[in-house]
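Based on these hints, arrange chains F, W, S, Z, D, H and E on the given structure of chain P.
Number of protein chains: 8
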Amino acid sequence: MLLLLRQVAAQEITPDAALLQIRQAPFADLGYAKIDLHRGVRQGVPEVIYGAGKTAAQISEIVRKMLENGQSRILITRLSAEKAALLRSIPAFRFEEAGGIGLVGKMPEPDGIGSIVIATGGTSDQHVAEEAALTAEALGNRVVRLYDVGVSGLHRLLSHTEEIMSATVIIAIAGMEGALASVIGGLADCPVIAVPTSVGYGASFGGISALLSMLNSCASGVSVVNIDNGFGAAYQASMINHIGGNHENTVS
Amino acid sequence: MLLLLRQVAAQEITPDAALLQIRQAPFADLGYAKIDLHRGVRQGVPEVIYGAGKTAAQISEIVRKMLENGQSRILITRLSAEKAALLRSIPAFRFEEAGGIGLVGKMPEPDGIGSIVIATGGTSDQHVAEEAALTAEALGNRVVRLYDVGVSGLHRLLSHTEEIMSATVIIAIAGMEGALASVIGGLADCPVIAVPTSVGYGASFGGISALLSMLNSCASGVSVVNIDNGFGAAYQASMINHIGGNHENTVS
Amino acid sequence: MLLLLRQVAAQEITPDAALLQIRQAPFADLGYAKIDLHRGVRQGVPEVIYGAGKTAAQISEIVRKMLENGQSRILITRLSAEKAALLRSIPAFRFEEAGGIGLVGKMPEPDGIGSIVIATGGTSDQHVAEEAALTAEALGNRVVRLYDVGVSGLHRLLSHTEEIMSATVIIAIAGMEGALASVIGGLADCPVIAVPTSVGYGASFGGISALLSMLNSCASGVSVVNIDNGFGAAYQASMINHIGGNHENTVS
Amino acid sequence: MLLLLRQVAAQEITPDAALLQIRQAPFADLGYAKIDLHRGVRQGVPEVIYGAGKTAAQISEIVRKMLENGQSRILITRLSAEKAALLRSIPAFRFEEAGGIGLVGKMPEPDGIGSIVIATGGTSDQHVAEEAALTAEALGNRVVRLYDVGVSGLHRLLSHTEEIMSATVIIAIAGMEGALASVIGGLADCPVIAVPTSVGYGASFGGISALLSMLNSCASGVSVVNIDNGFGAAYQASMINHIGGNHENTVS
Amino acid sequence: MLLLLRQVAAQEITPDAALLQIRQAPFADLGYAKIDLHRGVRQGVPEVIYGAGKTAAQISEIVRKMLENGQSRILITRLSAEKAALLRSIPAFRFEEAGGIGLVGKMPEPDGIGSIVIATGGTSDQHVAEEAALTAEALGNRVVRLYDVGVSGLHRLLSHTEEIMSATVIIAIAGMEGALASVIGGLADCPVIAVPTSVGYGASFGGISALLSMLNSCASGVSVVNIDNGFGAAYQASMINHIGGNHENTVS
Amino acid sequence: MLLLLRQVAAQEITPDAALLQIRQAPFADLGYAKIDLHRGVRQGVPEVIYGAGKTAAQISEIVRKMLENGQSRILITRLSAEKAALLRSIPAFRFEEAGGIGLVGKMPEPDGIGSIVIATGGTSDQHVAEEAALTAEALGNRVVRLYDVGVSGLHRLLSHTEEIMSATVIIAIAGMEGALASVIGGLADCPVIAVPTSVGYGASFGGISALLSMLNSCASGVSVVNIDNGFGAAYQASMINHIGGNHENTVS
Amino acid sequence: MLLLLRQVAAQEITPDAALLQIRQAPFADLGYAKIDLHRGVRQGVPEVIYGAGKTAAQISEIVRKMLENGQSRILITRLSAEKAALLRSIPAFRFEEAGGIGLVGKMPEPDGIGSIVIATGGTSDQHVAEEAALTAEALGNRVVRLYDVGVSGLHRLLSHTEEIMSATVIIAIAGMEGALASVIGGLADCPVIAVPTSVGYGASFGGISALLSMLNSCASGVSVVNIDNGFGAAYQASMINHIGGNHENTVS
Amino acid sequence: MLLLLRQVAAQEITPDAALLQIRQAPFADLGYAKIDLHRGVRQGVPEVIYGAGKTAAQISEIVRKMLENGQSRILITRLSAEKAALLRSIPAFRFEEAGGIGLVGKMPEPDGIGSIVIATGGTSDQHVAEEAALTAEALGNRVVRLYDVGVSGLHRLLSHTEEIMSATVIIAIAGMEGALASVIGGLADCPVIAVPTSVGYGASFGGISALLSMLNSCASGVSVVNIDNGFGAAYQASMINHIGGNHENTVS
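Protein chains in written order, with the numbering used here: chain P, 1 to 252; chain F, 253 to 504; chain W, 505 to 756; chain S, 757 to 1008; chain Z, 1009 to 1260; chain D, 1261 to 1512; chain H, 1513 to 1764; chain E, 1765 to 2016.
If you are wondering where the hints come from, they were derived from the structure by calculation, not from laboratory data. Computed from a prediction, not measured in an experiment: that's the story for all the values here. Just so it is clear, CB atoms sit at the ideal spot from N, CA and C, and this is done for glycine as well. Hints may contain errors.
Claimed, not checked - If you want the footprint, here are the derived chain D segments under chain Z, 3+ residues with CB under 8 Å:
no. : segment
1   : 1318-1330
2   : 1405-1414
3   : 1469-1483
So here's chain P without its partners, still in its complex pose (with noise of 0.2 Å):
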């Protein structure tokens, strides 16, 4: 902006090309540039398409374009085998079934400040959890999968104090009673994000039981994303794990 007014002063552009300007970029020269490109701050970061509800050509279509912009890295959440099979022609494209995530480009080495850790209370929450981890490890995050630990089978769980006390961010899915982020919350020290999920029966109303339960947690240090929302999920536990890099990035 101080450019263009200056460009003004030296009489570079005229008044009204600079009215313009100004208008047709208010966000990029406003101090809301970062609103736009806020996603690609950190280098590396990948372009994130969510997959429900869009055609597999649409998908491609826009995996396209964002290839020739120079993403090298893309993402794509709630990703149907069926969907994936039609978009194999994709350079550089795999499909990991189990959390519904379809990838384009490598995976990033892992740059966070330490490691995710992701437990679930059982073997049903296990897609919800691979959309976390994969999402975690494509954002550049070393995730520990700490699978089926969930509070019926206590000691399961107590087994794996070490990897909970060393864990930077901790993402905890359970269905049902959702326990399982109350007793982490206890046991850990750091940021615990919660995720219930839709598995269960009877009066757990497609994940409400565990969402009430989670919301309730008598742990501190405890927060919520929606029901099955493994994606928002490592996304925040990925920004906390960058911080202090992010903070470098700041302050330098």
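Chains F, W, S, Z, D, H and E alone, transformed into the frame defined by chain P:
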């Protein structure tokens, strides 16, 4: 009934008089007798008066009638301190404010199979817990209190593993996220009766979160009673703790 | 542990090797052992596999491993007829379609205190009832089935007063308004475990009406499990029906 | 209307004046007349004033106007003792605190087909029951009160089978699990109007549990009114109990 | 019972044999008889089979048994066209697809006090309405159909004021906002039974909006049955429409 | 902005000073200006203070500042009589208790297109209605009050057909079943804004029943605001009633 | 009516014949006429057929009748592609799949006061948005589409400030958290009609989250229609956008 | 543990005494130590006392014990002014009424990575905001308060873009429709913790609307804590803001 029929056959009673007797006492003679009397099957079981919604005068009158009928032990639940003060003239009456319980007569000696463990998640669950504990004691059970062993401080619970493992039946009382029932259900090898409490803030919804959490417990052997219903949990726990005794009575 | 410490004292094992043993087997030595094994405390108790959400191949593999480990009796719940057909090659396997239950090995002889009465409100509750009944039988209980004794035809229920009065524990299964639990709770003198079912129309809300009704039962001695959870009710009922036996084991 | 038109034809009234008359009295002349007056169709039916939300002064004023208009019998519902005390100066006024009902004028002789049975599950439902009973009596019905016959003590209800079988219409009032309506619906052969009450604890949710239970009643012939709406149940019950009378009026 | 007792007194039967008889027939002799038979009190009332959840074979078998027992008229509700096609071999069977009703035997002549008006808010409520209408006709009632008279086109409803004013009982069927019951309740001078339907979009929640609206009707004389329960409304309406007749039977 | 740029070009202001000006006034210069001022676009529109949750002192201070800024007309909503008494010293202040509205300055002359009809179902909706009516009048609208025209007495509503037909916009206010909005929506040919009120009993749930009913209205042209939000309805209604005026302003 | 009365006065018609005319045409003569015809008040307004729940044959028949009655423009909402394919033989029929809208006849020229802005939060709200847009166009409005301007990318919304500021009425369509309505309500100076959509995952509950969010909007001038009800929003928006026109019609 | 084992090996302690030590201190020696002490890991972290539900005497006693144990800084949450007045005798105690927070000892110097921005939608959210702000400050964080920047006046929020862009973590607090979290989530590039507040009217349902809105936020990087839980949000935010520090501790 057979006796009556024989009296008819022996002309000791007219058919019309016999019919009257049958009509007047249908429950005593036709297999329904136990319905009327079933709460007094075991020797010394107290009568129970639900105190909420009754005036002190009404409670006093009911107690007086029960004492006249030879009932030596009476339990009054949901009794406020105000009402209790007005009941002081009842002989052998005492009031336990912690559980809102009034007692007439002496506590019985424990005669159950083993002990009932009553565990709570936090100090604010204590009122419900004492309602359960005093009820259980008044019904002839040995009670072990494990208060404030919530899952966010798991070590407090684990330091009582022995009591949990050796209980005959456990009452798990918790508000907020209600995870205690699942964790205890996983540790214990006996029936667990879960009591959600209305303690909590925000989205605990007066106990609904804990109720749903407990209904969805992934641990086997857990059943649930209504919110804050310490009495109901203790009543069923006492039934379970006396099953051996009942069985002997039944077969002998 | 004491043995290990004595070995250390006797120099039969180095402190470092002892530490390793303690770390590797924390649950076996520190009072947690029962957790791992607690489902096998009584002789002959079957392992339980939750069939929903597992493929026939996964179930088959789990069964094979269990058999290798010496488990002679296996219960598979929530098993569809399609999956069951694929499990036919398992030796001594049979499928009970009525309750969606697969069984490997012979049913045990009943060894509980008395019998478990399973009562249903209507014919449409039968699937849940059979899940409960077969589970209870597989866990070593004598089961008395009282099906279709709903409260709108009270005489059907009353004609079974004798069975109700002599049960050790009763499982009351009903959808719609769920009144069965209250009526049976009023008639019986033993613990009643209520199972709401998702049967119903209009404002039954997939079992919520029955669930709320049962939680609010005005009869003492009634607790509730999750909607359609026949297995859970039977598991707890079996615990109760074996309490005398457990107690003997514990004290001897 | 025809009369008016003939007056126009006979020039006894100008068309403009006739139009004015028609506009001013559209309901009296065009078939809507009954709307305005339909509550007074049967001789002696009282006017009803909903007392909640009105001051004693307002109620007093309304009563005075009704008496001036020749209304000899007035029913005031949801009336508190405080307001009732301020209404004592009204001639022939009396207050029934049990049902929160004020009455002006004498109760009518019963003129219905038969009797209305009002059954309650517990003593705490009595206030709603008396609102229903007094309303029904004020509307000219013979009322049979069966209070405290809840389903957890089935023998109390069964000992009144005769009254239930011979009722013209039954009002079943219950809180908590609301099972009374189903059981009575199964026993009776006449319409049953169910009234859920807000009595209850924990998950009774101010009457919702009872409401849902009653809506899902498996017994035929049961309909439901709003929570605690004793007046509404009695009003409809009285309509039903006077149908024969209405019919005679209609055909004669 | 008196007869039996006299036989005992006369030594015509031994006391033991008499006891057996009493035990075997408790309902026939002790005032419960009507329970068993109460649905057949009026001559010609059909038996009702709830078709949903039963196979065509099961329905066919039940019908056959009923016919053998002399039942000449049978109503099958919630019957799909597919099942109905398989029932064609039953003599005198016909299927009314509009209401999902199967009928065996001839429709009875109307013998009620007056007529039952069945009003619907829209054409999409017609299926529920026909279930009600055919049930009412099969139970011996004259039925007046007022379909598609919803309150957003008030003139359609008002043009039928005469039918509404002269009904003995009205069934008001509506989805969406369910306002029809209130408007008819204000117009009519007879009992109104409201049936919420599951028709609607968005926040209609499968009929809950209409259900709540009807329960909160500000018009007197309105009661409500479950969502889509056309049969239940018609059953109660028929009871009301036959009260005069029942009364005669009872007193004669 | 253009002016500023020209000043820069003319060296009348340095680029740095211009940048500062732009940063300090981004909303005034870049098209956001209207945001800040948009409530004052039409001449004489009052400022609105939401009175609930503010002390009388706070309100008084805000009013004083507004008056200093030249605002001649101020509307204070949700104002209690207690707070209003403390505001008496404000010049030209008056308090309308019926709607809980305080006004500073004179009411404006109506300058809208036509009139706003405000209809209520019952007398208990009057407080919300007066909040709406006084707000509308303070915003420069002619208001027609049609109170107590609920659908259970349809003739009262129909006798005002003319007012309804000639309104520019209608605010329909009702609690309980909320049917008023649908009926008016069917009669009227203009936008209807529905306001559910928290008036009601039993299953009215503090206005939810009315809210759902109104959202599901089968009449076209009906939208809904929050429960008891008379102000919000009036604010939008006034916007609609001034659209012609606004439009003229915009094009001129 | 006055004409008729004058005819009577002039003996041109007998009183009986006049009465018959009045009875047969109550709506045409007594002020209700507009009810019947009110949808056709403005020239060229299309008839609307709700397509869901009607077969293609039924729709075709209705269209044919409307065309016979001289209706030149017909709008069919909630029309599936399958049904639309079967309607191709209707002259001047076209199908807009994006909004599920069928149109018969030509779109009218816009004749409203200004333009209706339709803004959506995401691409998945487009179906509802097109239903609204095409409806608005068919009702004679100029429509400005601002799609995919959700609040998580605020710059996209802000770059359209000009369109928002100059709209006559805005329809804000959003699922998930529904924040769009509040943000637009804060920016705009005209009525905003909010449409929650059922788009979302987890705890969005089929649109309830967005619905509640919109009802609780802290911005003035926002009202809400039912979930996914694009048609309803457009219908009311068109009413608002034609108010000037209506007003002129009314006064002229 | 190794030390202890070596002592055993060295015969410095008997095996029995060693066993006793192990049993008494299982958490200190077996990896659970951090559980007990984890809140004190960083130097100077205050102990937290939840003040609600505790008497002033209880709080005073707990504070005294903590001070004796060397704790120099104590935070008391949910403290009323009444209780605070009774705590004045505690040395170095002060009370912050705005957030209901009591503090013992001096506030620490901020030692986190960056600053925590706390933004609120309206002035009525201030109490929750101050609970969060004071908690965060007591935990050693620099706090930036952005109060009253709700989305209906977007310019207020946008004028603080710089603070939002440079935050390390943001706490977004809002009632009513809760849109603030989404808008900030879209602007910011750091973790956002959303706190729904119970502020609101009508269908805000004590914070549920805001809660659902925040859970469904379409912005990435947003998680949610319980309604009004300012403390919980600040606790997790502080964890995040100290992650760099923790990490250094862990690796060093």
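Against the structure, the hints come out as follows:
1. 1318-1330: This one is violated; 0 residues, fewer than the three required, reach chain Z with a Cβ under 8 Å.
2. 1405-1414: Per the Cβ count (5), the hint holds.
3. 1469-1483: With 11 residues in contact (Cβ-Cβ under 8 Å with chain Z), the coverage given for the segment 1469-1483 of chain D holds.
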